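Student: Below are the chains, spelled out letter by letter.
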Amino acid sequence: MNEEKGVVFKIQRYSLHDGPGIRTLIFLKGCPLRCWWCFNPESQSPGPEIIFYREKCINCKQCVQVCPIPGCLKTEDGINSFKRELCNSCGKCVNVCPTGAMTSIGKLMEVSEVMKEIEKDRPFYDKSGGGVTVSGGEPFMQPEFTRAILKKCKEEGINTAVETCGFTCWDNIEKSMEYIDMFFFDLKEMDAEKHRKMTGVSNKLILENAKKLAAGGKKMIIRMPIIPGCNDELDDLKAAARFIAEELGAVKEVHLLPYEVIGVSKYERMQREYMIGDVKPPSQEAMEEFKGIFEGYNLRCQIGG
Amino acid sequence: MLTRSERIERLRKAIIENEPVVSIERATLVTEAYQEFEADPILIKRAKVLDKLLRNMTIFINDGDLLVGNQGESLRCPPVYPENLVGWMDDEEEMARMEVRSVNPLKIPQQIRPQLKELAQYWKGKTLVDKVYAVFPDDILKARKSSLFSVSLEKNAVGHCVLDYEKLLQKGYHGLKEEIQNKLDKMDLTDPKELAKVEFLEAARIVCDAGIAFAERYAGLALELAEKEADQERKRELEKISAMCRKVPANPAGSFYEAVQSVYLAHIINVIETNAYSMSFGRFDQYMYPYYKKDIEEGKITVQEVQEIINCFWCKTNEIMHVDDSEMVYFHGGHPFGQHLTVGGMTRDGRDATNELSYMCLDAHEIVELYQPDFSVRLHKGSSYKFKERTAEVIRLGLGLPQIFNDEIVIESLMNDGLPLEEARDYTPTGCVEYSTPQCWVRSPGGWFNVPKVIEAVLHQGKCALTDRQISLNTKPVEEIESFEEFMELFKKHFRHAVRLHVIWSNLIDNVHAKVMPQPSVSILTDDCIKKGKDVSQGGARYNFTSPLMVGIATAVDSLSIIKKKVFEERTFSLRELVEALDSNFKGAEVLRARLLNYPYRYGNDYDEVDDMAREISVLFCDEFAKYRISRENGKFRAGFWSVTANFNLGLGTAASADGRKAKEELSDSITPNSGKDVNGLTASLKSAAKLDQRRASCGTVLNRHITPTELQGADKIRRFVDMVDTYFELGGTNLGFNVVSAETLKKAQQNPEDYSGLMVKVAGYAAFFVELGKPCQDALIARTEHGLS
Ligand code: SF4
Ligand code: SF4
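One line per chain: the protein sequences are A and B, in this order. Here numbering that gives the first Met the number 0 is used: the first residue of the first sequence is 0, the next is one more, and so on. Here numbering that gives the first Met the number 0 is used: the first residue of the second sequence is 0, the next is one more, and so on.
Just so you know, these hints were derived from the structure itself, not from any lab. These figures come from a predicted structure and were not determined experimentally. We put the CB at the ideal spot given by N, CA and C, even for glycine. Fair warning: there could be bad hints in the mix.
What the hints assert, rightly or not - Some but not every residue of chain B turned toward chain A, in silico, with C-beta under 10 Å: (1) E92; (2) E93; (3) M94; (4) A593; (5) N597; (6) T709.
Stated by the list, open to error - Pairs of lysine-lysine, DSS-like flavour, derived with a Cα cap of 30 Å: (7) B:K292 <-> A:K9; (8) A:K279 <-> B:K462; (9) A:K151 <-> B:K47; (10) B:K716 <-> A:K218; (11) B:K746 <-> A:K279; (12) B:K716 <-> A:K55; (13) A:K9 <-> A:K73; (14) B:K182 <-> A:K106; (15) B:K12 <-> B:K166; (16) A:K55 <-> B:K565; (17) B:K565 <-> A:K73; (18) A:K106 <-> B:K563; (19) B:K747 <-> A:K265; (20) A:K193 <-> A:K60; (21) B:K44 <-> B:K227; (22) A:K196 <-> A:K211; (23) B:K292 <-> A:K55; (24) A:K150 <-> B:K716; (25) A:K55 <-> B:K774; (26) A:K55 <-> B:K663; (27) B:K385 <-> A:K60; (28) B:K565 <-> A:K9; (29) B:K746 <-> A:K119; (30) A:K55 <-> B:K564; (31) B:K747 <-> A:K55; (32) B:K182 <-> B:K462; (33) A:K60 <-> B:K774; (34) A:K91 <-> B:K166; (35) B:K661 <-> A:K55; (36) B:K462 <-> A:K119; (37) A:K115 <-> B:K747; (38) B:K564 <-> A:K4; (39) B:K564 <-> A:K119.
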């Protein structure tokens with residue numbers, strides 16, 4: 000049988016967040032949403048892609064010499080430049096670049112390769128009650144791959160968690176359900192129109208899936224990013240709290256994740272516009288106030304993941 | 000939140016605010032004594048030198064202090080030890096460097112300089128370092144000068160020991176004298192072997208008397224001060240100090256307070272005897288406990304009073320300092336003195352040894368917030384979670400200490416060295432890490448061994464690439480090396496040769512120590528010196544060791560990994576091209592250097608193939624040294640994998656290396672991965688380190704990790720931290736030290752040192768003031784990967 004393969008954005012060991020104990024986070028590539036504030040814009044598109052880190056480049060021209068596409072990589076006034084719209088992601092430049100300035104983001108991996116990385120921290124999971132959290136991107140953009148990893152983890156007795164934006168057909172979630180110990184479910188905004196504007200999709204499917212999942216009997220924690228000027232109006236948050244309390248009866252815990260400044264450079268590198276400009280992180284007081292709203296609905300609420 | 004009393008606040012302030020100034024008094028007294036006792040054999044001479052010092056040196060009592068015992072003429076004025084080395088004393092340029100250097104600057108007052116010069120004239124050719132260098136044959140001298148190995152107590156007496164304080168507290172100096180007398184009485188002096196012991200035993204008796212006289216002087220001074228004292232409370236304190244010093248360390252201690260004073264006076268006497276580093280306090284919570292328990296049970300003292308005495312003790316250890324020249328200072332950035340004190344662990348019969356005093360020492364560390372003592376916590380499988388949690392809390396304070404040790408592995412490694420189980424369980428780290436007991440005499444550091452320099456020798460037919468000196472075997476040119484296997488064979492050949500030289504060098508130094516630097520004062524508290532009638536330098540201890548220390552493992556392994564992959568597998572460049580790039584220090588070879596720096600398969604990232612190389616080299620190191628014996632009582636070499644700051648000094652003598660490091664830059668620290676090159680997370684670096692056979696390193700291993708304060712925020716995170724440490728220990732790790740700071744903070748401290756004079760970090764095995772470290776060391780600390788997500 001051919002092994003399931005998937006595109007992995009990155010694997011991060013020794014995480015103290017995203018579930019109990021010491022964990023390894025598997026970030027899969029590809030996401031159906033395009034949130035304005037996305038912290039990892041390079042994880043959004045589903046396939047591997049080439050990124051150029053100008054600050055690492057020493058203008059040695061090795062990449063220019065191997066690139067098969069005229070004009071894609073060129074040196075002007077001794078400075079290297081990269082036109083991503085011409086790039087076919089062949090990876091030749093990555094192989095020769097001495098500094099890592101040309102890098103490929105996203106790696107096609109087999110489940111067994113991923114498992115090998117996961118197994119490396121096994122002693123730490125065993126001691127701490129930790130395990131694996133599959134995140135993204137959106138794990139259910141690669142439903143078979145995600146399921147295969149989680150299934151394997153359960154066979155090996157490793158605790159599993161999934162962080163999802165909920166925008167996927169219910170079937171994908173349902174089929175993986177038995178291999179998942181807990182869910183982190185992202186909720187961005189209750190107002191459908193606002194949601195569409197800021198993330199590119201409607202929240203209808205997300206809210207429906209949230210309800211189904213809450214009824215599914217697995218531990219589930221709601222996560223809400225708090226983006227000043229986008230979704231931090233008191234009414235937005237009250238609506239979310241009410242929804243959780245009234246419609247997601249089994250959910251008892253909410254994490255509020257304050258926006259963190261990443262700067263525009265990540266977006267520039269992707270040659271994309273950063274929609275929220277110079278938003279500042281919310282104040283501690285504001286976060287405490289928001290927390291109070293959720294607590295008012297008898298929900299445990301923590302600031303940060 | 001624990002708070003400082005006004006007394007501790009004052010004592011602490013005096014330490015932080017006192018500018019270190021060189022004190023000349025000791026040098027003058029010692030020189031007079033050497034002239035006066037010229038005819039005496041060396042042991043008697045050294046004993047009489049100590050006697051003269053203790054009877055004549057300036058003594059003082061700090062305002063408000065509950066404990067007495069001082070090293071120099073005034074607070075934080077390190078004395079001069081002319082019998083060790085005098086090179087700097089008539090060298091104006093060197094003195095100028097010592098005053099302005101960024102690491103441990105020391106003021107040398109103009110008015111004492113003529114005297115220093117005069118003393119230097121007298122001592123030239125007579126000092127320890129002169130006598131050591133006089134015996135080095137040419138090949139050893141060359142290797143030493145080219146940093147194949149470096150610094151093994153050529154300029155210092157041996158320290159890194161823990162003394163039998165339990166015995167001191169039970170017997171006092173009078174009791175020791177009796178033991179010495181009994182021994183003398185029973186000897187048959189017609190037997191030449193017995194006759195040879197008389198010199199030591201006489202010397203031992205002299206130092207006991209000297210110690211008693213020294214304490215008497217404090218008793219007198221305290222009484223004098225008490226008479227003048229207007230404050231009634233302080234008056235009573237001084238009277239108590241006076242009565243105490245009449246009693247101890249001459250006699251057995253009768254209370255907790257007396258026990259602490261007795262140990263501190265014995266300690267300071269040993270510090271005055273030689274300038275040996277890392278005279279350690281050992282298992283303070285164990286040998287003090289019976290006195291604590293009795294006093295508390297009898298209602299003679301309150302817990303608060305005990306805490307205050309411990310806090311004073313903590314402050315006191317920060318008064319002791321060294322005069323280091325420009326070479327030695329590289330090893331001791333931040334004025335450490337390596338006075339190791341450890342708590343917790345298991346008892347001699349294998350139970351959990353943690354007691355109330357263990358916790359009170361952790362509290363003292365939090366309250367006093369200074370860099371001494373070198374403080375550590377011993378953990379074993381039976382340590383309680385509560386104790387580990389409290390340890391983590393103190394680590395979170397960011398003082399760079401305590402370090403954590405893993406009993407199970409340390410005990411196993413000491414048993415491999417021939418110690419019986421019960422003695423091994425009673426180990427204590429001394430100095431930075433090296434494990435010892437009052438029955439062991441370990442000459443440590445027994446020389447830092449430069450592993451990357453061995454690769455340099457392979458690449459240059461046995462020559463030092465910086466000086467062209469032939470420092471190793473003349474082997475084939477790199478063009479003729481056909482495979483990585485062949486490369487490794489050559490590496491091992493040079494490695495073995497370097498170890499041979501190291502062994503000879505080290506034993507030569509050992510022999511000189513026995514002839515010119517016996518240490519009768521530490522000998523009387525080292526088992527079985529009195530019984531054997533031998534000084535520690537002559538093998539009086541029950542177990543004798545010398546500890547060679549392996550430096551630059553990550554630098555070496557990363558270099559080998561690159562050579563294997565890029566030269567022999569992918570053939571990206573040839574060995575000759577690599578050597579040329581290294582010889583030019585990468586001038587014109589920037590692209591090649593970028594490739595080297597960007598190479599990912601490095602030690603510290605949990606890649607078996609790479610880590611196996613680290614394991615192989617460390618085993619080679621242990622195996623090779625295990626083939627040889629040391630001079631003292633046919634003892635053993637015991638390996639250690641740590642560098643303190645020797646990686647900077649050895650780096651200065653090492654050409655550019657294949658991992659992309661430039662010539663003269665520092666080598667990697669201890670078994671810590673190369674700065675910033677461990678990118679797979681904290682657990683990956685722990686796993687890499689645990690793949691070394693740390694049981695073989697019975698002189699210790701050090702793994703330093705940075706951790707951000709948020710990783711220790713709250714009970715839940717602390718639990719995960721403890722789980723992480725426990726897992727590392729179960730995997731075979733021995734020691735962990737943490738720097739809990741952000742890179743941001745360090746950068747700010749580098750730019751505005753005046754605003755951060757109290758910032759503490761951990762360098763190798765000890766904590767130091769960050770601003771007192773040299774710039775390269777500061778840079779390395781900043782660069783070292785910060786783990787975890789805040
Ligand atoms: S991936 Fe291929 S096409 Fe794209 S820049 Fe690199 S060499 Fe050119
Ligand atoms: S190969 Fe790398 S370093 Fe050289 S010019 Fe291209 S991107 Fe820059």
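Student: Does the structure break any of the earlier hints, and which numbers would those be?
Tutor: 1, 2, 3, 7, 8, 9, 12, 14, 15, 20, 21, 23, 27, 29, 32, 33, 34, 36, 37
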